[in-house]
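Knowing the structure of chain E, use the given hints to seat chain B on it.
Those protein sequence lines, which keep their order, are chains E and B. First residue of the first sequence: 1, per my numbering; consecutive thereafter. First residue of the second sequence: 1, per my numbering; consecutive thereafter.
Quick caveat, the hints were computed from the structure, so don't treat them as lab data. For each residue, glycine too, the CB sits at the ideal point set by N, CA and C. Possibly wrong hints are sitting among the right ones.
Said to hold, decoys possible - Far from chain E by the CB rule (all over 10 Å, computed), these chain B residues: (1) M1; (2) P10; (3) D51; (4) L54; (5) Q59; (6) A64; (7) R80; (8) I81; (9) N113; (10) H145; (11) A152.
Claimed, not checked - Reference excerpt, derived from the structure (chain E facing chain B, CB under 8 Å, subset only): (12) R209; (13) S212; (14) F213; (15) T216; (16) N217; (17) H227; (18) T277; (19) R435; (20) D636; (21) G647; (22) P675; (23) I676; (24) N679.
Claimed, not checked - Cβ-Cβ distance ranges computed for the label pairs, FRET-style: (25) E/D199 with B/K149: 30 to 40 Å; (26) E/N460 with B/K125: 43 to 53 Å; (27) B/G8 with E/D362: 38 to 48 Å.
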Amino acid sequence: MNDPAIANLSRRRFLQAGAALTIGFYLPAFATSAAEPGKAGKFAAASDTFVPNAFLRIGEDNSVTIISKHLEMGQGTYTGLATILADELDADWNLVRVEGAPADASRYNNLIWGRAQGTGGSTAIANSWEQLRTAGATGRAMLVAAASQRWKVSAAELQVRDNVVSHSGSGRSATFGELAADAAKEPVPAVVKLKDPKDFRLIGKESKRKDSFAKTNGTAQFTQDVHLPGMLVAVVAHPPRFGATVKSFDASRAKAVQGVVDVVQIPQGVAVLAHDTWSAKKGRDALAVTWDESNAFKLGSEEIFTRYREMAKTPGIPVTHPGNTDEAFAQAAKVLRASYEFPYLAHAPMEPLNCVIKLDADGCEVWNGEQMHTGDQFSLANLFGIKPDHVKINMLYAGGSFGRRASKDSDYVLEVAQIVKAIKGRAPVKLVWMREDDMRAGYYRPLFYPQLEAAIDSNNKLIGWRHRLVGQSIAMGSPMEQMLVKDGIDRVSVEGADNLPYAIPNMMVDLHTPTEIRVPVLWWRSVGSTHTAFSTETFIDEVATATGKDPVALRLELLTEEPRHVGVLKLATEKAGWGKPLKQASGVRRGRGVAVHKSFNTYVAQVAEVSIKNDGALKVDRIVAAVDCGTAVNPDVIRAQMEGAIGFALSAALHGEITLKEGRVEQSNFDGYPPIRINEMPMVEVHIVPSTAAPTGIGEPGVPPLAPAVANAIAAATGKRLYRMPFNTAELAS
Amino acid sequence: MIQLNVNGKPYQVDVAEDMPLLWVLRDTLQMTGTKFGCGKGLCGACTVHLDGDLIRSCQTPVSAAVGKKISTIEAVDSDRIGRAVQEAWRKLEVVQCGYCQSGQMMSAVALLNHNRKPTDADIDKAMSGNICRCATYVRIRAAIHAAAKALA
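Bound-form chain E, shown alone (with noise of 0.2 Å):
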């Protein structure tokens, strides 16, 4: 879910791809034998004829179907994949479809994870640049050797646009539908040309979205949108506190409701199945079940805070240490110190969770919003007794994710093959959560409290600075420990601390995972950064205070070794007006702050302006970002997802917050755990910093400046620093 996590992974897999390219990419080959790609109900496979890798499939009508290896839950990636794919082939967008791949990790496996396919970590686009160029490209090479050949022509001589090879010396041309039989029976090339960055035609451009039109009409095919020929419906009751099991229950109220069809108790708590969504959960409701909590997690969030706070009081594991802290304390002139809490936060997701399970002689079928292909394939063989290749998955639709999907233990996957195993696989089962059942399953960004100091020379100088952290592990106990945790150190947990962009020359970041709290927890849209941007970029917003220095000068004299920070820090700043007096009005107090952070290898500045009454009431009016993620492939995508990212990290900067009291999670629907609303959401300007270098994941970024900077600019406007999240507003009363 990191970048730096996954980055000796990464870093080798790319080398190999790199050395690659010079001899022919490595496209994995169609394979004939398996079933159409992302095949789901209503989305029917035209005519193909000419299938020159695993991503591309040439119609005779002159379709062009790109297949996706990643999930579309928003985030703009199957316009995205598609673009990549279609320049290089120099496709008419207007003719290009896209489907969801099958679960396949010898053709789609993610490149930057190794041989695991899914989505997540801002991958997508990264991983795909170079294979989906390659992809395009030789289908091109391959059209035109058609061509060539059957007009007796010399390659060089034809050109393509808009899905036709033409010949100017002679006019002739036809359209790739025309060429795909001819096509297919070119040998596929060892090497091909990739296009001259100016030459590209679609990458850089706004080409529309490939999913806006069936999700404004009603015709999207989401999880939750699936009826399969005499499918249940389930909904579960789950235990009330982490860790409580099942000690015995009574389903005859349950049973008496009208449409429901059975009851069966699974290890995840008690299903009752259904004709329809309705009557399931009315017989659920009407359950009687006793809990078994006498193994149950007991503990409150505030509980957690105070056990944070005496583990902080020791060193933990070393993270990194460059130079020496102890010496550049001992002779600051000025030290700072703070601490921050941050809670528990839930994905919620528009849609809540769900999956639809069938199983038969053949294996299993999957649909489901698919973000762990692979992980999710080992875990159902694993509980069926078959083998992973015989569930078969169709990738569908995700009404948001923001990590939730990419479970790292295929939770809610498992729990409706629970279901269909209990009842022996008579029936295809649809698992649904209801809002309740979706906000209190756990699987939170963890509670995190850490602890920073900072030391100040005699000259203002910034020489030292301590970051502890103390939080839950994401990958310990799961099957990501092994790609994620080294020396005890679960990256994810230091992700935007330990590799903090500023030139300072004694630093000292540790770490303390507490293995007791039993609260499930799990990556939540940028994951570390989530937490270490906010603590970070306010303190050293403190510091530039404490110096008396301008928070962005402070920030551009730290920044000697990292021009891609600066640059978006600049571009940010001088389009916000950085240094022009805010429009004042009366009984409202103004500020402007600033934050930079990269995450997953792209860079990204936000500035906000706020507005603050006497009451303390807080309006966020205006955020200006700038965001460098490398090439640009579809610009209008990018601005999008900084202004979604960009209210998202409101959401939990203004209301988020998951607590636990004696276990029991308090939040059960958006009353009590909102998201903003319209009337909350700031206007929001982008800007993108121009770049020929390899695209970077665009998804969660966005996120992490977005606290920090609201943060500091209320400091500016209130002199009140805010060491908890969400805000608390009464704090800034005048």
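This is chain B only, laid out in the frame that chain E set:
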């Protein structure tokens, strides 16, 4: 049997009278464009029109819809305002995950039905019952203005 009129067509459904209209649309009629988000009338994903007025279909028992005209996202393009909203949504690329957008669009149509020239404040008021977790709000606002302009 309960008689319903959905998007101008008659339907007969054999369901309990207390079943929310949402689940009748989704599970019984398999018109799945209307979404389940919270089940408590808090998020607006299930928004449909009943005789032209906005309702949260997860909070409306099917019995309350008898004898009334139910309009859903599947027929949003059947009138001029709906078409303008749909076109604006597509032109401005509003959608991300798209799951809430049926409800957003139905709320936008209802707003423009009553107010052909909404201000930002009007939009905030009319649309604040619809949550978008992807936070596409900037574009929702712009698309409503664009639709209003197209209708003028």
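* To do: Of all the hints given earlier, name the ones this structure violates by number, lowest first.
  => Hint check: nothing fails, all pass.
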